[in-house]
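S.K.: In case you want the letters, here they are:
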Amino acid sequence: MNYFLRKLGTSLLNLIAVVVTIFIVLRMMPGDIIEPMAREEASRLGITYEEAYERVADRYNYNPQEPIYQQLVRYVKGLLRGDLGTSMLNPKNTVVSILSVALPWTIFVVSISLIISFILGMQLGALMAIRKRGIINNSITFYVTIVSAIPSYIIAIILSIIFVYQLRLFPKSGVYSIDVTPGFNMPFILSVLHYSVLPITTYVITSTGGWILNMKGSSVHVLGSDYVFAAQARGIPEKIIMRRYMKKNAMIPMITILAMAFGGMIGGAPLIEGQFQYLGMGAYLAKALGERDFILYQGLLLCISISVILANLVADLLYSKLDPRIRLE
Amino acid sequence: MRNLTVMRLRQIFSFVLILVLIFVLTACYSNTGNDPGTSPTNDSDSGPVVNKERVKRIAGGYWPAPPGFGGNLIGAQVGDVGYYVYESMFLVIVGTDRVVPRLAKEWKHEGNKTTVVLHDNRKWSDGTDFTAKDMWAYYLININSSAITRYLEAINVVDDYTLEFVWAEPVISDTQKMLLLAEGWQAVTPYHIFGEFVEQVAEIMKKGTPYTGDPTKRPPFGLVFEKDDQTALKNLYNDFKNVDMEKPIGTGPYMVDKVTNVEVDLVVNPYFPDSDKLEFQKIKMHTVSDYNSLLSSNETDSFVGTLPYDMARMILDASGTMVMYPLLEQKSVGVIFNTRVQPLNDKLVRQALNEVINKKPVREVANYWAVETGFATIGLVPSTIEKYVDKDVLAKFARYTGNTEKAAKMLEDAGWTKNSQGKWVDRNGRSYRFVIAANAGWGAQGITAASEVARQLTEFGFETEAKAVEATIVVSNMKAGAYDMMIDFVDMTWNISDPYKAFSSYYGDITEKAGIDLSAAPLILKDYEGKELNMKEAVSSLLYINDEQEYRDLVGRIAWATNDNAIAINLYQNVMAIWENSATSKGLPMEDEFKKYDRMMPLPRTEEEYEEIAILNRAYAPFAEVFVRNKVKPR
Chain B
22 MNYFLRKLGT SLLNLIAVVV TIFIVLRMMP GDIIEPMARE EASRLGITYE
72 EAYERVADRY NYNPQEPIYQ QLVRYVKGLL RGDLGTSMLN PKNTVVSILS
122 VALPWTIFVV SISLIISFIL GMQLGALMAI RKRGIINNSI TFYVTIVSAI
172 PSYIIAIILS IIFVYQLRLF PKSGVYSIDV TPGFNMPFIL SVLHYSVLPI
222 TTYVITSTGG WILNMKGSSV HVLGSDYVFA AQARGIPEKI IMRRYMKKNA
272 MIPMITILAM AFGGMIGGAP LIEGQFQYLG MGAYLAKALG ERDFILYQGL
322 LLCISISVIL ANLVADLLYS KLDPRIRLE
Chain H
34 MRNLTVMRLR QIFSFVLILV LIFVLTACYS NTGNDPGTSP TNDSDSGPVV
84 NKERVKRIAG GYWPAPPGFG GNLIGAQVGD VGYYVYESMF LVIVGTDRVV
134 PRLAKEWKHE GNKTTVVLHD NRKWSDGTDF TAKDMWAYYL ININSSAITR
184 YLEAINVVDD YTLEFVWAEP VISDTQKMLL LAEGWQAVTP YHIFGEFVEQ
234 VAEIMKKGTP YTGDPTKRPP FGLVFEKDDQ TALKNLYNDF KNVDMEKPIG
284 TGPYMVDKVT NVEVDLVVNP YFPDSDKLEF QKIKMHTVSD YNSLLSSNET
334 DSFVGTLPYD MARMILDASG TMVMYPLLEQ KSVGVIFNTR VQPLNDKLVR
384 QALNEVINKK PVREVANYWA VETGFATIGL VPSTIEKYVD KDVLAKFARY
434 TGNTEKAAKM LEDAGWTKNS QGKWVDRNGR SYRFVIAANA GWGAQGITAA
484 SEVARQLTEF GFETEAKAVE ATIVVSNMKA GAYDMMIDFV DMTWNISDPY
534 KAFSSYYGDI TEKAGIDLSA APLILKDYEG KELNMKEAVS SLLYINDEQE
584 YRDLVGRIAW ATNDNAIAIN LYQNVMAIWE NSATSKGLPM EDEFKKYDRM
634 MPLPRTEEEY EEIAILNRAY APFAEVFVRN KVKPR
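From first to last, the protein sequence lines stand for chains B and H. Here the first sequence stands for residues 22 to 350, where the numbers follow the working numbering. Here the second sequence stands for residues 34 to 668, where the numbers follow the working numbering.
Warning: the hint list may mix true and false statements.
[As the list claims (entries may be wrong)] One side of the interface only, derived from the structure: several residues of chain B facing chain H at Cβ under 7 angstroms:
(1) GLU72
(2) ASN111
(3) SER118
(4) LEU300
Honestly, the hints are just simulated from the structure, not real lab data. Beta carbons: idealized from backbone N, C-alpha and C, even for Gly.
Only chain B is shown next, with the shape it has when bound in the complex (with noise of 0.2 angstroms):
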């Protein structure tokens, strides 16, 4: 209990740091956006770039005049009440309301794609341990070879051209079929399937390569414990030996990454969410950052660290109840 507590105690101070220090970073950042979105709102609605501007300036909900501090503390009384604030561009897009569109698709694409490229990794990395040697580890070799070496983003655009515009089996872009009608009905549920099977791909291929690699380094690290020599000389079968010595003891620390990735995963990915249009988190935190949507952006970012932060305490909790010898204290 005690160690349960000190450990919150230790993510509360971490997530007070975060909130300060991402909030006064963002203030720092150089750049005027008022000037480039006064450039591109002076061209469409056909007015000067001066009156533009002015519009632009008095519909950005952000005050660069108002002291520092004051804003923190205006923030920060914000979030006890649980109001992470509204984006600066658009007053009808809360942090909370971007946060609960966002989040769920994040959380949906995300997770399939880290169950199943954690189930392939752990398998393949196993399977390479095993298999030191022979066609098996050279065609796992190359695949984790090449996929590491392709940024994420070049995979998306591939499989883009591929499936969506040669093939024409998935949509160009988006999260759901504009002629369904959000809900618990099967013609959004499937909609949203077809929609996520690309991202979901783009996340798998790029993704499995790491969790092989670190698999196969972990139960190759266990092959060579005493306790496996120790029941190779009992006579175990292999098969046991494999399955309850290798595979469980050398899975242990991939739970724990699993709960990291976990935490991670709530940021998505931007290049992939970017590439498919998929109104995640991902996509939000490049759109906020490109537009200089400090309020938006602080309000991401915080929900990231809190997950992150989380997900921190969940693996050093499960970590020792995996593994018996790792005490609390």
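Since the structure of chain B is provided, determine the placement of chain H on it from the hints.
M.R.: The following block gives chain H in isolation, referenced to the frame of chain B:
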């Protein structure tokens, strides 16, 4: 060990097989017809197809993703969807400056008054009658952000369909009145929705006192307010822009049906006059991250975007039916000098650098179809110079031809020499190194153009480095004097090519980037007769000149002096590309010449051709002008 491997492999293959099965099954979903992501009209790779549903698919554009999407344009909830939903009293075709009446039926200027009679058969898309009060609402609610209010004494609602604009003294010219009346999107604030805000603004306006100060700083409607009233106006505007509407309500030909983050479906507004006769009954706006693939695969009917020559050719060949129209933009791309630093504070050096640059290679790498100009910068959109400047005056303009020998002679005459490394040094033996900044978001137009200019300057003897700088920083840094030069728009207007608009932009935005503070001291330049011109005052006086010859004379003098002062280099007048799909639409411009030009069409050769192409671009002819004209039809 072998058995174990086989077993494990079997498990992995089973798992992968299940994944592949899911992949195939979901892929099959697209063939059930439930998915609008695929084309409803065009399954063929080339050749005409029947567009039975009379749908126009338009690629690109911006609108806030739900939940940010809404119906309040001023609250930034609508984006580019507004082009098809709203209208104004007048529409100006950019590039020709032709004023097309839309909600206005007739108008007349008499003394300090302009009377506009509106059509009496128009309705908002929710069925409410559109009246003069709706227009009045727009101007009052945007009291502080609408340019026209600074030149007005009052706007009066004469009757349900008549508005009276009372102009302030001195009264601006009739041309300027029309351009101001046509500016912005006006029928965007229905009185029956925003009336409470408008009436409150009208009440506060009654408390204003007449302004008596500097006429160039005249406040909206010439009214000065107490601090409390100013705050009240600001708060009202804030409350107004925060009003949440589910969908935009306009008087235009289309209205929003459905919206996602990447698609908007617009259907015909049943209250629009003759709505059933509109050739296109549905518009589908859609965005993707890869427009090249979209165009190559004929998955859209319309797109605006300029690409490098090779890529454009490749897309046209792959598609077989797309047509590309290049169109001159009302913007030039150029290099602005920082006139605060040596030696760029010397006019002669700036003129010599203008002479150094061979614009052709810059144009070829940055925007293949663009048009080079022989000027430094003239303040006007280059393609309009013959329209606004007399031929004999134009003949007096200095031309810069990329003649490095002439440039070297100009420098040598001013006492410059080349050192042993081949670098130019001034009279005091000082050599210079330049940095050209380019907006990193501009792609080829920015850093590629900057690199070519830097290469030419370095080759000439001024070591120059090109630097890509993040979009939100580059302008403020240049204004603060952080770079020697910057690639940016010069000789441009944001919409109407009228000289007053173009010069105002130049003697404001461009001069500020060049480090000339017009508010600190007047900029006095000499014209071709050696007569001194206070540039800011000369530009402002254009507003009030009704006599055409007097107007042309002053425009010529300002443009000549601007060119002579050479604070920038006009590299080329920009060209945008408009893409249309001939497989799904007919009645497109230059249709009988598609074969001759292999669908990569030439720049418009006449004003009529220009307008036909310009209206395909919603930014050049908003309010769905191309669809209202009904010349372009579905196949």
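S.K.: With reference to the structure, classify each hint as holding or not holding.
M.R.: Against the structure, the hints:
1. GLU72: Nearest chain H Cβ about 5 angstroms off; hint holds.
2. ASN111: 5 angstroms, holds
3. SER118: OK, holds: SER118/B within 7 angstroms of chain H, min 5 angstroms.
4. LEU300: 5 angstroms, holds
Of the numbered hints stated above, none is contradicted by the structure.
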